[in-house]
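Asks: Here the protein sequences come in this chain order: A and B.
Read in order, the letters of the first sequence are residues 1 to 114 in the numbering used here.
Read in order, the letters of the second sequence are residues 1 to 115 in the numbering used here.
No lab work stands behind these hints: they were computed from the structure.
Computed Cβ-Cβ distance ranges for the label pairs, DEER-style:
id, chain 1, residue 1, chain 2, residue 2, range
1, A, Ser20, B, Thr18, 41 to 47 Å
2, B, Thr20, A, Arg110, 29 to 35 Å
3, A, Ser100, B, Ala71, 18 to 24 Å
4, A, Gly84, B, Asp81, 38 to 44 Å
5, B, Gln56, A, Val114, 49 to 55 Å
6, B, Thr5, A, Ser39, 18 to 24 Å
7, A, Val12, B, Ser42, 15 to 21 Å
8, A, Gly16, B, Ala16, 50 to 56 Å
9, B, Ser110, A, Val114, 26 to 32 Å
10, B, Ser110, A, Gly28, 31 to 37 Å
11, A, Gly84, B, Glu17, 36 to 42 Å
Short derived list, chain B residues pointing at chain A, Cβ under 10 Å:
id, residue
12, Tyr33
13, Ser42
14, Met45
15, Gly100
16, Gly108
Positions of the beta carbon are idealized from the N, C-alpha and C atoms, including for glycine.
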Amino acid sequence: DTAVSQTPKYLVTQMGNDKSIKCEQNLGHDTMYWYKQDSKKFLKIMFSYNNKELIINETVPNRFSPKSPDKAHLNLHINSLELGDSAVYFCASSQYDPPSSEAFFGQGTRLTVV
Amino acid sequence: AQTVTQSQPEMSVQEAETVTLSCTYDTSESDYYLFWYKQPPSRQMILVIRQEAYKQQNATENRFSVNFQKAAKSFSLKISDSQLGDAAMYFCAYRSPNTGNQFYFGTGTSLTVIP
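Isolated chain A, as found in the complex (with noise of 0.2 Å):
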């Protein structure tokens, strides 16, 4: 059983196209993450989320908005792509507490912008 997956893993767009890429977790975790590892392996916190609310947003431009329906999920949308948001995309999820719960993650979804 996949504990966390998101969907797609590859994802090809062109500049100005709206896309949205899903995260679904089975581990009955409360809190959701969205991070972006850039071309040098940078893994930095978007979004963070406790039992569907928005509990971190890192300075991340606007387009990007997600969306929590329910602490299972937690997808990302992303407006008007531009080339600077090609990058590979991780959602994970973990406890709130305990603080020495780890984070399990997605396997990535990478985004190139054309």
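With the hints as your guide, set chain B onto chain A.
Replies: Below, chain B without anything else, positioned relative to chain A:
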């Protein structure tokens, strides 16, 4: 945001030898948790080992162990008897209840294992 620093962008090790990856972090908290994650070419992030700051004993998991120096804010990962499958990016991460329980990652170290 917390700062987690991995000063070695790339490391290499001969198969069966031992290698140590460095990680330092900046915090004024006393309650926090540290993690090492492995990201092989498949992209999947996998937990390697974790350490609770209140524990003096260094964590070990089979061939993986840490050297946790709380005063120096250092958390290095030692891989013994390196295997070809250990080749990956390794990320150090910090988490604290006093910073919203967020995971803050270092910039990563790319480990090459030479046959």
